[in-house]
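Q: The hints should help you fit chain B onto chain A, whose structure is shown.
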Amino acid sequence: MDFDLSEEQRLLKESVDGLLNDSYDFEARKKYRTEKGGWSKTVWGKLAEQGLLGLPFSEEDGGFGAGAVETAIVMEAMGKALVLEPYLATVVIAGGFLRHGGSAEQKAAHIPGIIDGSKTFAFAQLEKNSRYDLSDVATTAKKKGAGWVIDGEKFVVINGENADTLIVTARTKGERRDRNGIGVFLVPANAKGIGRKGYPTQDGLHAADITLTGVEVGAEAAIGDPENALDLIERVVDDARTAMCAEAVGAMDESLKSTVEYLKTRKQFGVAIGTFQTLQHRAADMFVAVEQARSMSMFATMAADFDNAKERATAVAAAKVQIGKSLKFVGQQSIQLHGGIGMTQEAKIGHYFKRLTMIENTFGDTDYHLRRVTDAGGLI
Amino acid sequence: MDLAFSKEEIAFREEVRAFFKDNVPPDTRRKLQEGRHLSKDEMVTWWRILNKKGWGVSHWPKEYGGTGWTSVQHYIFNEELQMHPAPAPLAFGVSMVGPVIYTFGNEAQKKQYLPRIANVDDWWCQGFSEPGSGSDLASLKTKAERRGDKYIINGQKTWTTLAQHADMIFCLCRTDNNAKKQMGISFIVFSMKSKGITVRPIETIDGGHEVNEVFFDDVEVPVENLIGEENKGWDYAKFLLGNERTGIARVGVSKERLRRIKDLAAKVESNGKPVLEDQGFREKLAACEIELKALELTQLRVVADEGKHGKGKPNPASSVLKIKGSEIQQTTTELLMEVIGPFAAPYDEHGDDGSNEAMDWTAQIAPSYFNNRKVSIYGGSNEIQRNIITKAVLGL
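Heads up: the sequence lines are chains A and B, in that order. Residue 42 in numbering that gives the first Met the number 0 sits at position 43 of the first sequence, and the numbers go up by one each step. Residue 143 in numbering that gives the first Met the number 0 sits at position 144 of the second sequence, and the numbers go up by one each step.
Read the hints as simulated data drawn from the structure, not as lab findings. Using N, Cα and C, we set each Cβ at its ideal position, and we do this for glycine too. Where hints are given, some of them may not hold.
What the simulated footprint calls covered on chain B by chain A, stretch by stretch (three residues with Cβ under 8 Å from a Cβ of chain A suffice, anywhere in the stretch; the number is not a length) [to be verified]:
1. 276-282
2. 316-329
Have a look at the derived ranges for each label pair, beta carbon to beta carbon [what the hints assert, rightly or not]:
3. A:GLU260 x B:ASN177: 39 to 47 Å
4. B:SER380 x A:GLY269: 24 to 32 Å
5. B:GLY53 x A:ASP21: 54 to 62 Å
So here's chain B without its partners, still in its complex pose:
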């Protein structure tokens, strides 16, 4: 057993750190630190810088533009990215549909889509959840009917993240009504510019616009847009959801936020001295740091295991990552709320572009606290994660 990174790994970390320092646009970094939303342009600009460096789709196989890094290198890259902080690559393209396409797609699809995903020439969104299908995703109703060389798609998706920016969507559609619910689903990709698509924004609890409803009304999609085999979509969806096990802990994000908490707590006073000097607050902070250290170690155990034994059989400890990772992220946003106390109240109704200097230092803290309630809901709610532990690990 050995906790230390190798010399090569430490050198790699320095390289990554220096690259972020020199290349992440300062305003992008600041907005992330303050918990603000980024514009499409800001995100795409950064992702193209990353892709130009050859790190845009780092975990893909080399033949499709990946880096061939070890699992420890991937870990270091993600941690540094989250701590800088810089925007993570667009998960819907890079982590979700990309791997499905290079694993199950045909040559033409690989050629057509993969380079455009890497360079974010296409912004992808995910058409999975429906109004009646959240945790019970396989009950989805959106229909794709085969008519000649086309699918005709009707139905509705929801919680579609950043669909307002999207050029493409990957969509789970029912192609066989008579099969058992998991068996009649297909994985179809198509342009968001297709006729018959309506995107309607959902305003979230923090006043932000991250998610949307997407309606399909007789949308015509060429049959060659089916990925893999018809009615095998559920398998691809499971592959997709199981693909990204360690990033979900977001240890670097929580580390970065802890740094911010300490910065702010050193400036804000309570009882005539900085909040950071309050024993009760300091103990809460230390407790959060210990939880985070435990999670980091759990994550490193999973990473080391993958490095040694491959990704085939997930380490049982990986189920801990989502639950604990989300809980800790939420705790950090609570601590920020505690630091600013009554100044949590003002609401900047003009949006979060930072133009209102009077509210600059506190404006995003309450919205970020409200917004972060999502992390224990999305990506398989924490209750679903407990179901997974129950079945897959404990055998109950």
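Bound-form chain A, shown alone:
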């Protein structure tokens, strides 16, 4: 049993913290948001230079063969800095599909572009009525010759406007909510029949609603079994949830730090407001919430190595429940303790709150995951 980072992991943490310290203060972030697609190509290039985009890929595929702990280190740092770049969509999710389900040809075709920073991806999964159910897929992929024709609508696809390649879930057979008959397809974003409508999201990221009308792809587009890819999708989305838990811990940690700093400096009635016990105890409760979230984020991260897929999924769901509870409390109380200034766009604290809130509503909220843990028969 060991909760410490290895020497290499410590160095990784230092390097990613250092990079983001240098290039990602709040003012710089504002500037990046105005760039095309809503994030900075320069920063993305720096992430590539430091090897961060290649972390999880095997050495054989040109990466570093790092595991879930390394991803968590990067995501936590990104949560602290409120990074806008599509690391989750490209490295964690698309990278996850390629690593866990990709053929040798698919890996060779796509991983180098991820690692060198030349290509980004987006995960086109959410549909109008699917909410958090990954098996609820109305988009269809119909066999045509050796390849497929895809029709459907996808929503709130993060980095959907900028991505070079979309990873699209589509039904190859069965009814809308069947667990069987779902495939995952690599679709060039500029393919004929794709319509993309981009917009900013509440937390400062960019997303797109995407229509697919008679989009034709070859047989090589399908990742894994085109008729039975739900296990793969669940696996990758669990990786994404785990990564988001770490991101949330980073964002909560910074929210607490910033709030404590504010309590020390803001004066009312002639004293720092941090001398008032009501506010002290609120901050103490925030600390408790952050530490409990950190523990469960570590749990989910370490669960990536569990052999039993059901146990792994339950661990991740449980982590998302704890993170959801903690982030709501920490996010809301951060605003409350900052008072009026916390209500402004100008203050960074509100941006943490908004990112945390969007994490709660992505890939299953607290209630959704509590139900999953319940249906799995609990955790103890």
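A: Quick look at chain B alone, frame taken from chain A:
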């Protein structure tokens, strides 16, 4: 990072588990499971079995009878003990006064007291709280006046747990009225059989007798019963209270209670089916289990940290243990209340010895719910814990 115990640790867990299975008297186990109070005899019998095995004072230095276990082994031992369940070693002797004596006491005191603590030849109680000194402990007024080779002790202690069984008391007494309040306190130990001591029971909210008032009326105590230096008692008290950081989470106790909740909820019906099949109830149970898992992980972080870096500087996460641990214990007692619903009402006024079979399965659930409100009050109330986080961790 690695969550798994080593092979050796797993083997150790099996050894501990098997020992409890073979050696904890079944009736003692059952009473604990049902939330009943144990008699003095039942507790002492078990502690002597434990001491004979060499595990009575496991965390003490080896020279005084400790085991030399790693922090992970201590964790495993406590967790298994709480889950079995078996009575934890008497904290007042083993975790509190024992470490103060072997750290600050002289050779004669070590020789005189330590073996008797280990074998519970002496039952110790704690003379800290007073009617006017709860969270503000340093305001205590009980006086020890030096007269020749004796201290004359006058005053009153309260909330003295199981003082009705006690042979010895360790007591914080004011020995200097003129010093700043923390500076004039001494740590004195003496026999509860001394002349001038009166123990008066306090009946608690659940009808139980766990705590007492203890009155001192010109109690004569030899000066050699002072531990360490005069007027340094506050330092020893802080040492004592800071000593046991991880056991306080009582994760094993809550795990055991969750098991009991599931057992009962499978038997009790609501709307024609077991409570355990009610979706709303199941979700509450799952939510509690998630909280407990988070706490367990937080505790393991602290344990792993101690194992690696020693106990010197506490991991900031350790402040979470008392707050969350007590909240979760209370939640589990609430869930039990929810399971039995209207059958929470009957009150067994004949005591909790289990002789009234009609009430056997529910009788202790409401009292245990009422009684467990104490866990967020004692050991430094949860509000005091928040003060500690505020000062020591957040620097406010």
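Q: All hints are to be evaluated individually against the structure, with a verdict given for each.
A: Hint check:
Under a criterion of three residues with beta carbons nearer than 8 Å to beta carbons of chain A, the stated coverage of the region 276-282 of chain B is upheld, 3 such residues being counted. Residues of the region 316-329 of chain B with a Cβ under 8 Å from some Cβ of chain A number 5, which satisfies the need for three, so the listed coverage holds. Our hint of 39 to 47 Å for A:GLU260 and B:ASN177 holds, since their Cβ atoms are close to 41 Å apart. For the pair B:SER380 and A:GLY269, the supplied restraint of 24 to 32 Å holds, since their beta-carbon distance comes to about 30 Å.
Checked against the hint of 54 to 62 Å, the C-beta distance between B:GLY53 and A:ASP21 comes to roughly 57 Å, which is consistent with it.
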